[in-house]
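There are 2 protein chains.
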Amino acid sequence: MSADNGLLAAVYQGSNVLCDKEHNLSLMKDQIKRASSDKVKLIIFPELFTTGYCLPKGSEDIERLAETQNGPSFQKISQWASEYQIGIIYGYPEKEDKDGSVYYYNSAQFIDKQGSSLSNYRKLHLWPSTDKDFTPGSQLPDVVSYEGVKIAMMICYDAEFPELVRAMVLKGSQLIVVPTADTYISTATIMVRTRALENHVFLAYANHCGRESHIKYAGLSSFINPDGDIIVSAEDKESLLKAVINVDLCTPKRPSYLDNRRPELYASIAV
Amino acid sequence: MSADNGLLAAVYQGSNVLCDKEHNLSLMKDQIKRASSDKVKLIIFPELFTTGYCLPKGSEDIERLAETQNGPSFQKISQWASEYQIGIIYGYPEKEDKDGSVYYYNSAQFIDKQGSSLSNYRKLHLWPSTDKDFTPGSQLPDVVSYEGVKIAMMICYDAEFPELVRAMVLKGSQLIVVPTADTYISTATIMVRTRALENHVFLAYANHCGRESHIKYAGLSSFINPDGDIIVSAEDKESLLKAVINVDLCTPKRPSYLDNRRPELYASIAV
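Each protein sequence line maps, in turn, to chains Z and G. Take 81 as the starting number for the first sequence in our numbering and just add one per residue. Take 81 as the starting number for the second sequence in our numbering and just add one per residue.
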């Protein structure tokens with residue numbers, strides 16, 4: 081696989097251990113090292129990967145596990161990014177002290193290969209039953225230029241809303257990165273493929289696999305090209321998936337959906 | 081198949097003959113009669129079915145083939161609707177004289193079982209290369225109540241825009257009817273399934289099959305349920321597909337995408 085004409089990226093799909101941050105960070109370090117030795121320039125981990133997704137409900141548990149954006153987990157991951165010269169996107173539970181109150185977010189952070197945070201994103205569309213301990217974000221994702229590719233992060237359920245993906249592509253995104261924790265096969269097999277196709281955009285879908293608490297994850301992490309085709313899929317096993325993101329291929333084979341929209345008719349979906 | 085708890089609808093997928101309206105209307109009559117004898121309450125024909133899709137380019141040909149909304153083809157089809165007590169949706173090239181000018185539209189008309197026009201819809205998103213003789217419509221589809229189901233029509237490329245389908249479901253549509261003339265397999269296999277799933281709505285996809293002019297149609301007409309599953313598909317052969325539209329099943333299995341939207345964040349897609 082040559083990355084001469086693009087960004088060589090990787091998605092890690094594997095089982096972390098619920099509430100065992102030390103184990104999960106160690107697993108992340110192993111995969112970061114492995115990806116770096118494969119010349120990967122960006123590695124992507126699933127939603128809430130540092131802690132596991134099925135966090136025990138109640139503020140005491142969340143309080144113990146959540147960290148600030150630049151907390152101890154960030155410090156370690158940032159150091160590995162710099163040491164192994166690789167960008168890293170990972171999901172984690174974020175804690176913020178603000179105006180005398182504490183807020184918790186389901187977040188993803190993007191660290192560059194120098195170890196600096198390029199973007200921190202707070203999930204906008206919370207999954208009603210299991211995300212109830214979190215506060216929804218209030219800001220659209222950033223569009224970050226990294227190694228020649230314009231990238232936006234969103235988290236799991238976010239990507240199921242065509243409005244959000246469209247908004248990010250209109251802002252210039254060429255690659256949508258989706259750390260997720262999904263149990264539905266149809267999300268991977270039809271929905272995120274449609275998101276890529278209808279926007280002429282690459283998409284990286286990073287899911288958990290195996291069982292966690294009462295949940296059986298769907299796996300099926302993948303890279304999807306701007307024609308909606310799966311470039312590579314992890315099926316349901318532990319895997320370090322790799323793909324070259326060549327933005328020259330965002331030029332659509334079909335007529336451009338972006339050019340042929342009729343936004344003057346869409347007002348009712350934004351009120 | 082029982083229609084006790086819903087609307088028994090049918091899609092006809094078959095090859096009409098380009099520019100031979102007499103033949104195509106005769107074919108439509110045969111299928112209307114056949115569907116009626118099967119107790120179907122609504123039959124749906126593909127895009128531009130009265131004339132074929134690949135109309136010769138240039139105003140003289142279009143002028144010869146297009147009709148007003150209540151022109152001779154409507155008169156015949158309306159009579160059959162009444163005679164066979166069946167609703168009919170069909171695509172046709174529409175001609176309108178207005179303010180001293182003549183306009184041509186790629187339209188679909190919905191006739192009730194009494195033979196009255198319930199709605200006439202002009203395609204909003206024209207396919208750039210082949211729809212060039214038509215004027216784009218300027219009005220969102222109507223939502224029509226028919227036999228207990230709220231129905232909106234759109235045509236082909238229209239349904240590939242998530243914004244339009246969302247707008248119609250927010251207006252109350254429970255069934256999206258899509259007369260189409262599509263050559264892409266991915267539209268049927270992933271895109272319109274995603275439209276149904278992300279809106280918790282039924283969708284009827286009525287395509288041509290076989291060859292017409294330089295085009296090989298994808299077929300794959302289908303009824304899709306609100307979970308994004310294909311209820312029944314025509315593959316690539318002539319077929320009268322039937323399905324019961326039971327709107328009680330629009331209650332989503334997943335959390336409601338409509339309830340969990342964040343429209344205050346979507347302004348950029350409607351300007």
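Rather than coming from a laboratory, the hints here were simulated on the basis of the structure. Since we're looking at a predicted model, the values are computed, not measured. Certain hints may be false.
Which copy is meant is left open, because identical chains are indistinguishable; a pair holds if it fits in one copy or across any two.
For lysine to aspartate or glutamate, the following EDC-like pairs were computed, each having C-alpha atoms within a straight-line distance of at most 20 angstroms [unchecked claim]:
| id | residue 1 | residue 2 |
| --- | --- | --- |
| 1 | K333 | D213 |
| 2 | K212 | D339 |
| 3 | K322 | D177 |
| 4 | K317 | D177 |
| 5 | K296 | E344 |
| 6 | K251 | E344 |
| 7 | K178 | E147 |
| 8 | K230 | D307 |
| 9 | K113 | E292 |
| 10 | K251 | D179 |
| 11 | K175 | D110 |
| 12 | K175 | D213 |
| 13 | K193 | E163 |
| 14 | K317 | D307 |
| 15 | K101 | E176 |
| 16 | K212 | E318 |
Taking the hints in turn, this is what the structure says about them:
no.	hint	in the structure
1	K333 / D213	neither (43 angstroms within a copy, 23 angstroms between copies)
2	K212 / D339	between (38 angstroms within a copy, 15 angstroms between copies)
3	K322 / D177	neither (37 angstroms within a copy, 58 angstroms between copies)
4	K317 / D177	neither (38 angstroms within a copy, 63 angstroms between copies)
5	K296 / E344	neither (43 angstroms within a copy, 33 angstroms between copies)
6	K251 / E344	both (18 angstroms within a copy, 17 angstroms between copies)
7	K178 / E147	within (14 angstroms within a copy, 66 angstroms between copies)
8	K230 / D307	within (18 angstroms within a copy, 33 angstroms between copies)
9	K113 / E292	neither (25 angstroms within a copy, 56 angstroms between copies)
10	K251 / D179	neither (32 angstroms within a copy, 41 angstroms between copies)
11	K175 / D110	neither (26 angstroms within a copy, 67 angstroms between copies)
12	K175 / D213	within (11 angstroms within a copy, 58 angstroms between copies)
13	K193 / E163	within (8 angstroms within a copy, 73 angstroms between copies)
14	K317 / D307	neither (25 angstroms within a copy, 26 angstroms between copies)
15	K101 / E176	within (19 angstroms within a copy, 68 angstroms between copies)
16	K212 / E318	neither (28 angstroms within a copy, 50 angstroms between copies)
Hint compliance for this structure: hints 1, 3, 4, 5, 9, 10, 11, 14, 16 are not met, and every other hint is.
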